[in-house]
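So the chains spell out like this:
Protein chains: 2
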Amino acid sequence: MAMDNIDNNNNEVINKAQRAKIASLPLSLLSAEEKNEALASIAALLAEKSDTILIANEQDVQKGKKFGMSQAILDRLSLSAKRVADMVAGVRQVVGLEDPVGEVLSHAVRPNGLVIDKIRVPLGVIGMIYEARPNVTVDSVSLALKTGNAIILRGSSSALASNKALVAVIHEALTKTKVSVDAVQLIESVDHHAVMQMMKLNQYLDVLIPRGGADLIRNVLENSTVPVLETGVGNCHVFIDESADPAMAIPLTVNAKTHRPAVCNAAETLLIHKDWGKDNILAVLKALRDQGVELRVCSGLHELRPDLLLATEEDWGTEFLALVMAVKLVDNVDEAIRHINCYGTKHTEAIVTQNQQNAVRFMCMVDAAAVNYNASTRFTDGFEYGFGAEIGISTQKLHARGPMGLPELTSYKYLVYGNGQIRK
Amino acid sequence: MAMDNIDNNNNEVINKAQRAKIASLPLSLLSAEEKNEALASIAALLAEKSDTILIANEQDVQKGKKFGMSQAILDRLSLSAKRVADMVAGVRQVVGLEDPVGEVLSHAVRPNGLVIDKIRVPLGVIGMIYEARPNVTVDSVSLALKTGNAIILRGSSSALASNKALVAVIHEALTKTKVSVDAVQLIESVDHHAVMQMMKLNQYLDVLIPRGGADLIRNVLENSTVPVLETGVGNCHVFIDESADPAMAIPLTVNAKTHRPAVCNAAETLLIHKDWGKDNILAVLKALRDQGVELRVCSGLHELRPDLLLATEEDWGTEFLALVMAVKLVDNVDEAIRHINCYGTKHTEAIVTQNQQNAVRFMCMVDAAAVNYNASTRFTDGFEYGFGAEIGISTQKLHARGPMGLPELTSYKYLVYGNGQIRK
Chain C
33 MAMDNIDNNN NEVINKAQRA KIASLPLSLL SAEEKNEALA SIAALLAEKS DTILIANEQD
93 VQKGKKFGMS QAILDRLSLS AKRVADMVAG VRQVVGLEDP VGEVLSHAVR PNGLVIDKIR
153 VPLGVIGMIY EARPNVTVDS VSLALKTGNA IILRGSSSAL ASNKALVAVI HEALTKTKVS
213 VDAVQLIESV DHHAVMQMMK LNQYLDVLIP RGGADLIRNV LENSTVPVLE TGVGNCHVFI
273 DESADPAMAI PLTVNAKTHR PAVCNAAETL LIHKDWGKDN ILAVLKALRD QGVELRVCSG
333 LHELRPDLLL ATEEDWGTEF LALVMAVKLV DNVDEAIRHI NCYGTKHTEA IVTQNQQNAV
393 RFMCMVDAAA VNYNASTRFT DGFEYGFGAE IGISTQKLHA RGPMGLPELT SYKYLVYGNG
453 QIRK
Chain S
33 MAMDNIDNNN NEVINKAQRA KIASLPLSLL SAEEKNEALA SIAALLAEKS DTILIANEQD
93 VQKGKKFGMS QAILDRLSLS AKRVADMVAG VRQVVGLEDP VGEVLSHAVR PNGLVIDKIR
153 VPLGVIGMIY EARPNVTVDS VSLALKTGNA IILRGSSSAL ASNKALVAVI HEALTKTKVS
213 VDAVQLIESV DHHAVMQMMK LNQYLDVLIP RGGADLIRNV LENSTVPVLE TGVGNCHVFI
273 DESADPAMAI PLTVNAKTHR PAVCNAAETL LIHKDWGKDN ILAVLKALRD QGVELRVCSG
333 LHELRPDLLL ATEEDWGTEF LALVMAVKLV DNVDEAIRHI NCYGTKHTEA IVTQNQQNAV
393 RFMCMVDAAA VNYNASTRFT DGFEYGFGAE IGISTQKLHA RGPMGLPELT SYKYLVYGNG
453 QIRK
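Chains as they are written, first to last, in the numbering used here: chain C, 33 to 456; chain S, 33 to 456.
For reference, chain C alone in the conformation it holds in the complex:
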């Protein structure tokens, strides 16, 4: 139980979690300047040691190739001088953001004279479980430290050499600062048991954030007793209403689907009001096909375009993350709302319409983190929202919903000032 001593055991996860927990208390009390100095030191040393990082990354890439990793995953794993420079720029950007810790959220004086202040504080220790991309390591560390949190990282085994090199640089950079080296911990065990252990460490971890595919997130949701911030799965829809202007609806739909198909705010299903007009309907299908999108359509559309694939029940619930789109005709805005509330993942849903009443109905009744009126689904993003940084996009309703920036990595506490009050 003793929190000020590291247990003499050889278990990597417990040992590192204890170190992070102990480091989190002094870290929570640092000033914005002290935390910014630590981040600036990290940025400078990452830039200086870019070559070392690229050499380590090359080991991961070679191993990936040897074991037949797909080109898409190799792309996400691979670093370049440009990508390291982007990481450095990202850390420097976080330095420039406002520190939310210490903000007074409310202040009350009660009739009995008690003064009750609600103050923003760090969460404590954040656990991250994530997949291939090594930039997540640096992003997460900079956001955690900026908000006064310690962090325990468990990246994928395929990026282990890269992550070890990055964390070694971060540790070296921190030695000259007020932030303890122990505030950043990398779990190096590639054993899946290490992940299971992290999910049960309620004593040391205040929150667990999974970032990656649907399977990873489901595994964490099902097995973690540590509170989880669910991120990322986006089965997003665009609904084109009867009154939609095709000059707006068509480019907006193409943007939502094709601008970056592999990310969570890309649209996966298109719903079209059956009375939008045959020419308009055929035009939007053609525009998507011209961008290389494979369409899977409902039976009504299949009559218009028998050359297209018929959608299956499963397609309506699938996050394709690729140039594939399911398309369905609906009778009215209410059918669109029902379809979305049934198959959506509460991420981002868009309506294109000139009918204000339908827009209001859709925006009120669709249950999602973001509901967009005449705007592409692609805007659900911390940077587009003006948060300056993003740790992920929450699809749950507790704590944080939608893009999560710095305040979402904090909690609060009540400071109660008395002069001897007792309860009558």
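Read the hints as simulated data drawn from the structure, not as lab findings.
This structure is a prediction, so every number in the text was calculated from the model and none was measured.
Identical copies go unnamed one by one, so any copy, or any two together, can satisfy a pair.
Below 25 Å or equal to it, Euclidean Cα-Cα: the simulated BS3-like pairs (lysine-lysine) are:
no.: 1; residue 1: Lys318; residue 2: Lys456
no.: 2; residue 1: Lys114; residue 2: Lys97
no.: 3; residue 1: Lys97; residue 2: Lys196
no.: 4; residue 1: Lys318; residue 2: Lys306
no.: 5; residue 1: Lys114; residue 2: Lys456
The hints should help you fit chain S onto chain C, whose structure is shown.
Same frame as chain C, now just chain S:
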């Protein structure tokens, strides 16, 4: 999957969860007036049917006696005309509170012209798993409906007749209002499997709130895949610093321990600075003993009062919820902070001191929902904080910390207004 149809199956939990989910959407759109009318109707009918409720409660009490239920639990289970009247008054009080739903939490206009509003919305469907007290049924329903949430109740089997009678009255009262009867569901199965099912119903439940003993809460935390709001376990401490005025410290400690020993904000351990003075130390121990408190003391105190029990390691981590208190001498404020951060449950911690520097250190470094300076631990409570109502006291750091009132039963969504914006 179809959310607008009730599956034709005989499973009580799934069937009722589907009904609650469907009822939650129209409920989320009702005005404050419409929700208040429903609450007023419930209050009036509860008052009118007080006798019916008392007859049903008497069945539970008789069954409890027959099966040897302890007097303490029988007391919590038993209703009286006065207790029903208190429930009615509680519902009427909730009518008078401000409706948080629809509040604009932020408003931004982005450089590309997008308008982004962050709006408070209901959580959706709340699951409650709770123990004996039937008043929790009525409290939870009124808070859930006021905030536009549907609710699924699973009380203890020992209170089933009482809860059935209460929910029957609530249902009858709702038939004349805009709130669907389906928005309030009582799980009647006494099979433990029903509880396990609720904990996995992510498709229909947005949050699960356990209220009861430590075992109940641990079971829900360990098994639920639905996000949980952890409430209630309070191993709270009072720390009397070297400079504390005994005229303040002694009555404050006695109040924190004895005012209502069975509740979560009662103090369980007393920490005393070793240099507070022998007379003061003996005086606080005597004052506690005079109120019937059994003391379990550290070895240092045992030398002063060899007649008192020696505390075990387990005592420091125990929420006694009774007239028992563990007492320990500490060297300084830092040892007090370390002890609390090791054994505390992040609920409420108090310092009594005249030393401002130590007060600040304690308030910053103790990790708890509420940290009190010269004020009894007993003040951590929604009513004492001026919230007007309370669904429980959160001891976790995500979403809500400390007393949870109406806003803590809500989430938010982003409404994004554009005129055809696409992402470049």
